[in-house]
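Under the numbering used here, the first residue of the sequence shown carries the number -6, and numbering increases by one thereafter.
Hints are computed from structural coordinates only; laboratory data are not their basis. One thing to keep in mind: the hints can contain errors.
Unchecked claim - Calculated lysine-lysine pairs in the DSS-like style (CA-CA distance at most 25 Å, straight line):
| id | residue 1 | residue 2 |
| --- | --- | --- |
| 1 | LYS28 | LYS107 |
| 2 | LYS237 | LYS159 |
| 3 | LYS237 | LYS107 |
| 4 | LYS113 | LYS28 |
| 5 | LYS28 | LYS206 |
| 6 | LYS109 | LYS32 |
| 7 | LYS28 | LYS159 |
| 8 | LYS32 | LYS107 |
| 9 | LYS206 | LYS109 |
| 10 | LYS113 | LYS32 |
Said to hold, decoys possible - Derived Cβ-Cβ restraints for the label pairs, each shown as a range:
| id | residue 1 | residue 2 | range |
| --- | --- | --- | --- |
| 11 | TYR116 | ILE189 | 18 to 26 Å |
| 12 | TRP243 | LEU198 | 40 to 48 Å |
| 13 | ILE106 | TRP243 | 44 to 52 Å |
| 14 | GLU155 | ILE189 | 47 to 55 Å |
| 15 | ILE8 | LEU68 | 16 to 24 Å |
| 16 | GLU155 | ALA(-5) | 33 to 41 Å |
Note that the Cβ used here is the ideal one computed from N, Cα and C, for glycine as well.
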Amino acid sequence: MALTSHNQLILSVYIVTFVTGLPANILAFYTFSMKVHHKPAPIDILLLNLTVSDLIFLLFLPFRMVEVLSGSWVLPNFLCPLSGFIFYSTIYISTFFLMGVSVERYLGVAYPIKYKINHKPMYAIMVSVFFWVISAAHCSIVYIVQYQKPGNGTHNVSSCYEEFTKEQLNILLPVRFEMCLVLFCIPFLITSFCYISFIRILTTLPNISHRRKQRAIGLALGTLLVFILCFCPYNISHVVGFVKWESPAWRVDALLPSTFNACLDPIIFYFSSSEVQNNVRNCISGVLGRIRPINLCKRLCPAAYTVDEQTESSFNNL
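Take these sequences, add in the hints, and give me the full structure.
This is how it looks when you write it as structure tokens:
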């Protein structure tokens, strides 16, 4: 089946996100797992959960690729609501954990003494559980709506969570609007307040180097930019759908920037943690070391290099 230009665009976004996001998030997962295991800190626990959310999203992304390639939902029916539930819940889990990281950073500069005394890992664990539960509870609407359609469990569906009856929309549209307010607007407002205050306080601190200030401010502005570019279009579709009382046809396109979030989060991880930076540099050095011409030739012609090394050793002994 020939793909339309629109489907080619969607598939390209999915592939780029998967290819770049999966290795980057695996590296981040390894780094934060080691940090949490040896010396757990609240911000590392939040970043680890954000990484887990991105990895779950990426592992289910191939289901969406199959749907785009086939032009319809050809996988088993039970995977449709499951993949939809994972797809949407991990998007909103990301907004919550990005918000949590911003609160951590703000408290660290606004109330450094109280923060140092009270920043216990258990608090971050409790908050993480709350974020997962509230996001999953809201996105369980996928299951409720999917099985509102009569006979949906007895025949193959041609599309997954795209075509809705009037009864389904009566349930779905108000919930989407509420999700926009609770799962996007509130986290975005809190994140904006925290990072704007963070930047304002940081610029007045004399004991921090200009370079560190620039990096911290860049990280704050980058996170806000991710919020606006990745999550704003999709949530605007919720508001438009609620006002017009229909599911917007461009909603699929609005989802694409949200997909990119899984490969943009590792950039935030990189600038948030020196350990991630070290691991990235080590990986790049290891890869470059393996593909250098001299090393490549040694692997392809080991016998020749063994003879040369023996000859050189004999010459040096003379």
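Non-conforming hints, listed in increasing numerical order: Numbers 3, 7, 14 and 16 - these are the hints that the structure violates, sorted from lowest upward.
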